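Enquirer: Quick note, the sequences are listed as chains A and B, same order. Our numbering numbers the first residue of the first sequence as 11 and each following residue consecutively. Our numbering numbers the first residue of the second sequence as 88 and each following residue consecutively.
Hints were generated in silico from the structure; no laboratory data involved. This one's a predicted model, so the numbers in the text were calculated from it and none came from an experiment. You may find that some hints are simply not true.
Heads up, simulated SDA-like pairs for lysine to any residue below, C-alpha to C-alpha not over 25 Å straight-line [unchecked claim]:
{"no.": "1", "chain 1": "B", "residue 1": "Lys-195", "chain 2": "A", "residue 2": "Ser-178"}
{"no.": "2", "chain 1": "A", "residue 1": "Lys-30", "chain 2": "A", "residue 2": "Asn-151"}
{"no.": "3", "chain 1": "A", "residue 1": "Lys-153", "chain 2": "A", "residue 2": "Ala-76"}
{"no.": "4", "chain 1": "A", "residue 1": "Lys-27", "chain 2": "A", "residue 2": "Ser-181"}
{"no.": "5", "chain 1": "B", "residue 1": "Lys-195", "chain 2": "A", "residue 2": "His-170"}
{"no.": "6", "chain 1": "B", "residue 1": "Lys-179", "chain 2": "A", "residue 2": "Asn-135"}
{"no.": "7", "chain 1": "A", "residue 1": "Lys-27", "chain 2": "B", "residue 2": "Gln-191"}
{"no.": "8", "chain 1": "B", "residue 1": "Lys-192", "chain 2": "A", "residue 2": "Leu-148"}
{"no.": "9", "chain 1": "B", "residue 1": "Lys-179", "chain 2": "A", "residue 2": "Asn-151"}
{"no.": "10", "chain 1": "B", "residue 1": "Lys-192", "chain 2": "A", "residue 2": "Asp-22"}
A few chain A positions that, by computed beta-carbon distances, are all more than 12 Å from chain B [as the list claims (entries may be wrong)]:
{"no.": "11", "residue": "Ala-44"}
{"no.": "12", "residue": "Ser-140"}
{"no.": "13", "residue": "Asp-163"}
{"no.": "14", "residue": "Thr-192"}
If you want a taste of the chain A side facing chain B, the calculated C-beta under 10 Å gives, among others [to be verified]:
{"no.": "15", "residue": "Phe-125"}
{"no.": "16", "residue": "Asp-131"}
{"no.": "17", "residue": "Asp-143"}
{"no.": "18", "residue": "Val-162"}
{"no.": "19", "residue": "Ser-167"}
{"no.": "20", "residue": "Ala-186"}
{"no.": "21", "residue": "Leu-189"}
{"no.": "22", "residue": "His-190"}
Just so it is clear, CB atoms sit at the ideal spot from N, CA and C, and this is done for glycine as well.
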Amino acid sequence: MAFGRQDNKSNDGADMKIVKFTTMVQEVDRYLLASGGRSGGVFIFGKYKVYYSQILKRYNADQFIAVMENIFNPGKSGPVDLIDEMTVIQTFKEMKNKTEKKYTEYYRLIFWLLFAAAVNDEIYNNELPSIADLAYCLEFNEKMMGDWCVVVDYLLSGNHLDENSNLSLESPEGIAFFLHRT
Amino acid sequence: MAKRVKVIPVVRDKNLKSNKGRPTYRTLKSATIQLNDLQKAEAVKLFNMMKNILVNTVLDVDINSKKIQFMAERILGHIEFDIDAGSRPLEKVVDASNIRGGIQKYLKYLS
């Protein structure tokens with residue numbers, strides 16, 4: 011009986027961690043969306059969403075990755091769609107007509123991919139080269155990549171992200187995206 | 088005006104592991120060629136084509152290494168393409184950061 015109570019306590023603790031993690035991810039994403047002038051919602055990302063969805067789906071045995079999948083890809087239980095070559099070419103055509111809002115989506119995508127890599131070692135070990143390739147295609151430079159990692163580390167250290175966060179960011183893109191300052 | 092460029096097409100090879108055990112890159116072929124202005128304009132188009140190949144790889148579409156090699160060879164001799172100058176420094180920045188295993192830090196914060 012006593013063992014059972016301890017077990018329940020332990021489960022409650024694990025559940026509470028999941029709840030806190032879920033809230034943190036939702037709040038951070040809502041804040042990041044605000045930098046692109048959007049009020050909230052699921053990813054728009056364009057065609058890159060498929061890549062992100064694949065990552066989350068492939069590693070969703072990890073409970074924290076499963077939480078992220080549920081937030082960013084709610085109700086998607088079927089197989090993830092594949093992208094054909096023409097779709098990729100179309101994506102690059104879209105990239106030529108860049109707008110600030112699209113940049114925000116690219117920044118957000120790389121941020122959550124790095125965050126997922128920090129949460130799950132398998133993603134880090136297996137997918138980091140792909141994430142770096144994608145960041146390169148989306149015109150990230152080394153300073154930006156460093157800033158994105160600083161913010162991932164900042165959040166996972168239990169800090170709250172807002173305009174007044176005590177972050178030393180080096181890139182103008184990072185300052186605008188994470189601190190909403192121009 | 089002609090310009091010498093070194094052509095280094097590389098692909099990510101899942102069978103080739105880095106020191107840290109992660110998949111890394113291998114060079115397919117390399118060559119040094121001369122380009123005139125017209126060829127350089129063409130090279131930009133071909134560079135974009137190579138980027139598409141790269142993104143296909145990134146997106147994990149069913150594209151095998153033979154196809155990548157075939158496409159890389161088609162553009163060989165026309166463009167400058169060196170991933171080492173692009174994404175690998177970004178990867179190194181991430182490796183140098185503290186994000187690996189970050190969830191442990193978060194769980195410690197919660198407990």
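Enquirer: Hint by hint, say whether it matches the structure.
Expert: Taking the hints in turn, this is what the structure says about them:
no., hint, in the structure
1, Lys-195/B to Ser-178/A, "holds, 23 Å"
2, Lys-30/A to Asn-151/A, "violated, 32 Å"
3, Lys-153/A to Ala-76/A, "violated, 30 Å"
4, Lys-27/A to Ser-181/A, "violated, 33 Å"
5, Lys-195/B to His-170/A, "holds, 16 Å"
6, Lys-179/B to Asn-135/A, "holds, 13 Å"
7, Lys-27/A to Gln-191/B, "holds, 12 Å"
8, Lys-192/B to Leu-148/A, "violated, 29 Å"
9, Lys-179/B to Asn-151/A, "holds, 12 Å"
10, Lys-192/B to Asp-22/A, "holds, 20 Å"
11, Ala-44, "holds, 23 Å"
12, Ser-140, "violated, 5 Å"
13, Asp-163, "violated, 5 Å"
14, Thr-192, "holds, 24 Å"
15, Phe-125, "holds, 8 Å"
16, Asp-131, "holds, 6 Å"
17, Asp-143, "holds, 5 Å"
18, Val-162, "holds, 5 Å"
19, Ser-167, "holds, 6 Å"
20, Ala-186, "violated, 19 Å"
21, Leu-189, "violated, 18 Å"
22, His-190, "violated, 22 Å"
Checked against the numbered hints above, the structure breaks hints 2, 3, 4, 8, 12, 13, 20, 21, 22 and satisfies the rest.
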